[in-house]
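> Sequence:
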Amino acid sequence: MKVLILGGTGTIGTAVTRELCHHGHEVTGLSRSNASDRTLRAIGAQPLRGDLRQPGLWARQVQSVDAVIQLAATFDTDMGTVDRAAMDAVLRQAALRPEPLRLLYTGGCWLYGATGPRVADESSPLHPIKSFAWMQENAARMLAAPAVSAAVIHPAMVYHQGGGAFADFLAAARAQQPFEIWGSISTRWPLVQRDDLARAYRLLLERPDLTGHFNVSAEAGVPVAAVTEEIARRHGHPGDYVVRSLKHVLFTHGDWAEGPTLDQQMASDKLRRLTGWQPRLPDFRTAAF
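Each number in my numbering corresponds to the 1-based position in the sequence shown with 5 added.
Check the hints yourself; a few may be wrong.
[Claimed, not checked] The calculated label-pair distances, taken between Cβ atoms and stated as ranges, are:
| id | residue 1 | residue 2 | range |
| --- | --- | --- | --- |
| 1 | K7 | V247 | 20 to 28 Å |
| 2 | K7 | P228 | 19 to 27 Å |
| 3 | N39 | T291 | 18 to 26 Å |
| 4 | A40 | T82 | 41 to 49 Å |
| 5 | L251 | D126 | 20 to 28 Å |
| 6 | P122 | E234 | 15 to 23 Å |
| 7 | R290 | S250 | 37 to 45 Å |
Since the hints were derived computationally from the structure, they do not count as laboratory data.
Quick caveat: nothing in here was measured; it's all calculated off a predicted structure.
Backbone N, C-alpha and C define an ideal beta-carbon position, used for all residues, glycine too.
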């Protein structure tokens, strides 16, 4: 398939781009710099110079591809507005096509809010944190658009060899500093390794008949304590930590920081049943990081 990927050089996007190219898909990635151009070419993709904030410069490409994957975000105060304008441009171009566009839109586990003892599936109500509430509305618009075959993908907390969701804990371990825990040491995170997540994107890309919401988690809910214990063991860290309250992290880092404080569990049974997806790393303790 010919695929346009927005955010193809980001933490998740790099793995998705690599996965698609490895399986023979023809990938074009939106790029804002020479460095991003080089990254995309090294993976096997073709760069398309453009900016998410200026969809008029790249949106016509939608008419010449089979699919669009949205993984990009500005991570600024206007990221919801930017996302909406970009996806509106995609939908306008999709309406001009003779056949539906396959569209993969990225949500996230934080849209479910705190689940506590309940394991969220795709039928669970959404209670997004404040800074990502726009994503729920934009995702609903993608699913309702008649010119696209849309799937909304909700990744768990994503880790990889370089860190990802574990990055701050790894940095603290290497510096032999106390772990900084946001919220509570007993908080649970749904987890998925980045390459396993990338395979989920590919499998859903290749099944345009599958629409709606799809969770992607290898582990439904792992206590933060288990993560820090494993990192401490690997790095000879004493395992000491400090707990930062929700009020503290919101004041220090902004509204998005509520996400890692959520006690969450999230299942991916629907994805597994309909696509055959199985994580190659079902336990984070077996991963390299």
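> Each hint should be assessed against the structure and marked as holding or not.
So, going through the hints one by one against the coordinates:
no., hint, result
1, K7 / V247: 20 to 28 Å, "violated, 50 Å"
2, K7 / P228: 19 to 27 Å, "violated, 43 Å"
3, N39 / T291: 18 to 26 Å, "violated, 37 Å"
4, A40 / T82: 41 to 49 Å, "violated, 25 Å"
5, L251 / D126: 20 to 28 Å, "holds, 26 Å"
6, P122 / E234: 15 to 23 Å, "holds, 22 Å"
7, R290 / S250: 37 to 45 Å, "violated, 29 Å"
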